[in-house]
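J.: Residues per chain, in single letters:
There are 2 protein chains.
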Amino acid sequence: MLKKKSKYIVAIVGATGAVGREMVSILEERKFPVSELVLLASDRSEGERIEFDGKNRSVKKLVNDSFHGVDIALFSAGSEQSLKYAPLAVAAGAVVIDNSSAFRMDDKVPLVVPEINAHALDKHTGIVANPSSSTIGLLMALKPIHEAVKVKRVVVTTFQSVSGTGKDAIDELAGQTVALLNFKDIEVKVYPHQIAFNCLPHIDGFLENGYTKEEMNMANETRKVMEDDTIRLTCTTVRVPVFRCHAESVNIETEKELSANEARAILAKMPGVLVYDDPSRSIYPLHLDVSGKDEIYVGRVRADDTVKNGLNIWIVIDNIRKGAALNAVQIAERLLP
Amino acid sequence: MLKKKSKYIVAIVGATGAVGREMVSILEERKFPVSELVLLASDRSEGERIEFDGKNRSVKKLVNDSFHGVDIALFSAGSEQSLKYAPLAVAAGAVVIDNSSAFRMDDKVPLVVPEINAHALDKHTGIVANPSSSTIGLLMALKPIHEAVKVKRVVVTTFQSVSGTGKDAIDELAGQTVALLNFKDIEVKVYPHQIAFNCLPHIDGFLENGYTKEEMNMANETRKVMEDDTIRLTCTTVRVPVFRCHAESVNIETEKELSANEARAILAKMPGVLVYDDPSRSIYPLHLDVSGKDEIYVGRVRADDTVKNGLNIWIVIDNIRKGAALNAVQIAERLLP
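In the order they appear, the protein sequences are chains S and P. So for the first sequence, the numbering used here puts the first residue at -17; every next one is plus one. So for the second sequence, the numbering used here puts the first residue at -17; every next one is plus one.
If you are wondering where the hints come from, they were derived from the structure by calculation, not from laboratory data. Since the structure is predicted, the reported quantities are computational estimates derived from the model, not experimental observations. Be careful, since some hints might not be right.
A pair holds if it fits inside one copy or across any two, identical chains being indistinguishable in the list.
[Said to hold, decoys possible] List time: in silico DSSO-like cross-link candidates among lysine-lysine, alpha-carbon distance up to 27 Å:
#1 166 / 275
#2 42 / 149
#3 238 / 134
#4 195 / 290
#5 171 / 275
#6 132 / 105
#7 290 / 134
#8 171 / 43
#9 90 / 238
#10 66 / 43
#11 -13 / 13
#12 166 / 149
#13 149 / 195
#14 132 / 290
#15 238 / 290
#16 -15 / 90
#17 149 / 171
Based on the provided sequences and hints, a complete structural model is requested.
T.: Structure below.
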């Protein structure tokens, strides 16, 4: 918990990135009690100006003593920066909410989706981690199902947008698309292959076992957030030529039976989940529709008869918002006394 | 079997479509013994000219007596046209190889992937059906695994390109993309939602059980082609903003154990399959790379430890080529005496 104050000094590390900017908006939207907002980024972005609370604020260069007096530091600048600066922020007295993968599987670091395991925050020792955006989307839907009928096994395939990689990737998709439509040569820099009009079954580095880190993270983070080591999850993560939001095709096997209608009813009661499921009217979650939304959308809910107690669902999450910035701010809210 | 002749009169119904044009090319490439090529299409395309064997040939309007003297009729003009004209072609003495879904589950119609079940052709009564392109891609990989260790259950999620819908859909993806990049309004006509920079978990119509026809077709066609009703398959089919080829994320549960290395070795021996699997060098099947290829590509082969004898693979097939035109011509080749 934070000390009781009327307002708090909040730092955002990676303030000029897509997630950092969204954090600024969300703090304002949700009227988080901010006395001072410290915007931090690499020297490349030093001096950029970002509006908060009606005023333009200047982005400062992230340095070792950036965190003097800071109460809450929201990190979204990649694992390397988190590993280097999060401990310094904690030493300076701040609580860090980290959006990178650096500390997610650290036993001393709670990995939190507030709607699911806010209680884990009680044990934090300075750093709290956000799960990956795909994991957050998945677990928001899996949690109420798990509570009702116990999830045994999950097979996930993701459709992840380029904004999950960052601003350079957004530029690369747009740039390649424009070039191709003008019959010009494309540049391939951020991804190992062309992303425009193509799908890459490759997110983050490959491990010895043939899976990517992203794929193993989803399995490991799921067990940690759900606090249940018996949940088995296998995953294929795929980058698609879409700018924002991640979709997930999810096959679930449960201990007890759950009809599609029961699943919809259970999901509809989960805070932060919107059941968006009326195929007869072409209503199902889409990357485009979920962009900018706080809720994760779930649709295509249907029984899978190929296994005892099977269910298929289709999830879309705004990876920048609930998948990152919003989840971090919600954690900060829960830390308020 | 066809009667023994030195050359055959071949008709292509839907000659101006993407699959029809590919059929023309493939007949030429593979030196199919064609004495006369009859190009048929709707009156909209009447008079268009298509090159075959060094000569420009005129497309004729499809009418009831288009099939007089025709030995082999390759249909790719949609179910409605197949239902109406295939029986007329058969009555006129032709063997029909149909690319639509009209006859696929008809007990009197063999559903054939030549590498898998060419023997089923022996029992044809005038019409032979091509499976859907996603099914062909899946089964080319599944068959050798099934032979080796028996496939029990399959969970598939597809990434299908717009060329599977047809030329209008290709134009719609291109047109919407150009409009969006020029900040103009987009037109949504072919699909119920914008396809540019978006993914639609909706291919073909929805059924009562919440699945699309495409999803149920994959399950039903799999059992028919594999001649094994015990194979359980559940499926989520998704349209992605890609022009050509379909990708499939496939989770397989088998009766007996099969390591990833054994699976690669078995797949490599299957005619028509290329194992393309070296993640350390960013080598895995991509829509872009498989475009124009005869082989289906398989990669991301890895064990799935969340189930006894589990395996994950990633398949890409050129839906226009092996998924349609090539498979049809291969069937015609097998029908030659």
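J.: Now look at each hint and say whether the structure bears it out.
T.: Results for each hint:
no.: 1; hint: 166 / 275; verdict: between (36 Å within a copy, 24 Å between copies)
no.: 2; hint: 42 / 149; verdict: within (19 Å within a copy, 52 Å between copies)
no.: 3; hint: 238 / 134; verdict: both (10 Å within a copy, 22 Å between copies)
no.: 4; hint: 195 / 290; verdict: between (30 Å within a copy, 23 Å between copies)
no.: 5; hint: 171 / 275; verdict: between (30 Å within a copy, 26 Å between copies)
no.: 6; hint: 132 / 105; verdict: within (26 Å within a copy, 49 Å between copies)
no.: 7; hint: 290 / 134; verdict: both (11 Å within a copy, 13 Å between copies)
no.: 8; hint: 171 / 43; verdict: within (26 Å within a copy, 49 Å between copies)
no.: 9; hint: 90 / 238; verdict: neither (33 Å within a copy, 41 Å between copies)
no.: 10; hint: 66 / 43; verdict: within (14 Å within a copy, 71 Å between copies)
no.: 11; hint: -13 / 13; verdict: within (15 Å within a copy, 83 Å between copies)
no.: 12; hint: 166 / 149; verdict: both (22 Å within a copy, 23 Å between copies)
no.: 13; hint: 149 / 195; verdict: within (21 Å within a copy, 38 Å between copies)
no.: 14; hint: 132 / 290; verdict: both (13 Å within a copy, 20 Å between copies)
no.: 15; hint: 238 / 290; verdict: both (9 Å within a copy, 20 Å between copies)
no.: 16; hint: -15 / 90; verdict: within (21 Å within a copy, 77 Å between copies)
no.: 17; hint: 149 / 171; verdict: within (13 Å within a copy, 31 Å between copies)
The structure is inconsistent with hint 9 alone, although it conforms to all the rest.
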